[in-house]
Amino acid sequence: MSQNAHATGRRAVKAVIPAAGLATRFLPATKAVPKELLPVVDRPVLQYIVEEAAAAGITDVLLVTGRGKTSMVDHFDRRPDVEQRLEEKGDLERLAAVRRTSELADIYTCRQGEPLGLGHAVGVAASHIGDNPFAVLLGDEFVEEDKPLLPDMLDLQARTGGIVLAFMEVKPSETARYGIASVAPSDLGEDIVEVTGLVEKPSPEEAPSNLAVLGRYILPASIFEAIDNTKPGSGGEIQLTDAMAQLLADGVPVHGIVYRGFRYDTGMPLGYLQAVVMLASQRADLGEEFREWLAEFVAGGAKG
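Counting from 1 along the sequence shown, just add 990 to a position and that's the residue number in this note's numbering.
It is possible that part of the hints are untrue.
[Stated by the list, open to error] Here are the computed lysine-lysine pairs in the DSSO-like style, where the Cα-Cα straight-line distance is at most 27 angstroms:
{"id": "1", "residue 1": "K1191", "residue 2": "K1221"}
{"id": "2", "residue 1": "K1161", "residue 2": "K1137"}
{"id": "3", "residue 1": "K1161", "residue 2": "K1191"}
[Stated by the list, open to error] FRET-style restraints, in silico, Cβ to Cβ:
{"id": "4", "residue 1": "E1278", "residue 2": "V1003", "range": "34 to 42 angstroms"}
{"id": "5", "residue 1": "E1282", "residue 2": "E1104", "range": "33 to 41 angstroms"}
{"id": "6", "residue 1": "D1275", "residue 2": "D1064", "range": "24 to 32 angstroms"}
Hints listed in this document are in silico derivations from the structure and should not be mistaken for laboratory results.
Cβ coordinates follow ideal geometry from the N, Cα and C atoms, glycine included.
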């Protein structure tokens, strides 16, 4: 095990976003367009996630991509032709929005040759991360902008070392969709727990709690050795949950923060549509008109 597995004091400044999945639930839309670039109003899902990282002070973001996903990197590149056209038109608001995507963070990329699980995707980031703690942000979920989660996770990991997870409470019937934790009370702060065990996608009868792992992790570099030693688990894939459970068994401290805000889950069509509707409804520029139309539509009076 790496000698810094328990190290404290260093705040993670790099993030890994695994984004190599095939997104079969969204076919045929994702045949040519990565799921991470599907728009939520006028920003792709991936931009919300990178913005979340940047707001927490993370300026180095590694996208773990797959075949046909180079456009994700292009989104964060400059577009001088578009910028020039907007400037000539005097559309300074859209010009600033386009330029902002290239100013959020330094974007890097590496390729996951085939989708062999979240653990495997994180493992290919080892050479980029080095021997430092880092964040992992799943590429299909994000949280409320005014109720951030990452800053508290980063601060806690700098205090405790080891692993810091984020949890949300789910219905018992939903435990088979998530990694589930068994926990003990902690005196580190409100909504902070000590994690005593992790199990991947248990049935409701076998779940140790209703605390599901949300798609945000702060990990020590020792996770890479644990991933290398992890055999395929649920679904025949190398599961990050199994690698974290190994570090926990080895004595690495694992803490969790129970998140009380709202998590937007765009990984399935229903959750994606809910995110679009909710965020559109909150927009200052179109929310009022959209809510009025939506109310009429639900009541059966609006046709388009």
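Each hint, compared with the structure:
no., hint, verdict
1, K1191 <-> K1221, "16 angstroms, holds"
2, K1161 <-> K1137, "22 angstroms, holds"
3, K1161 <-> K1191, "13 angstroms, holds"
4, E1278 <-> V1003: 34 to 42 angstroms, "40 angstroms, holds"
5, E1282 <-> E1104: 33 to 41 angstroms, "48 angstroms, violated"
6, D1275 <-> D1064: 24 to 32 angstroms, "26 angstroms, holds"
Checked against the numbered hints above, the structure violates only hint 5.
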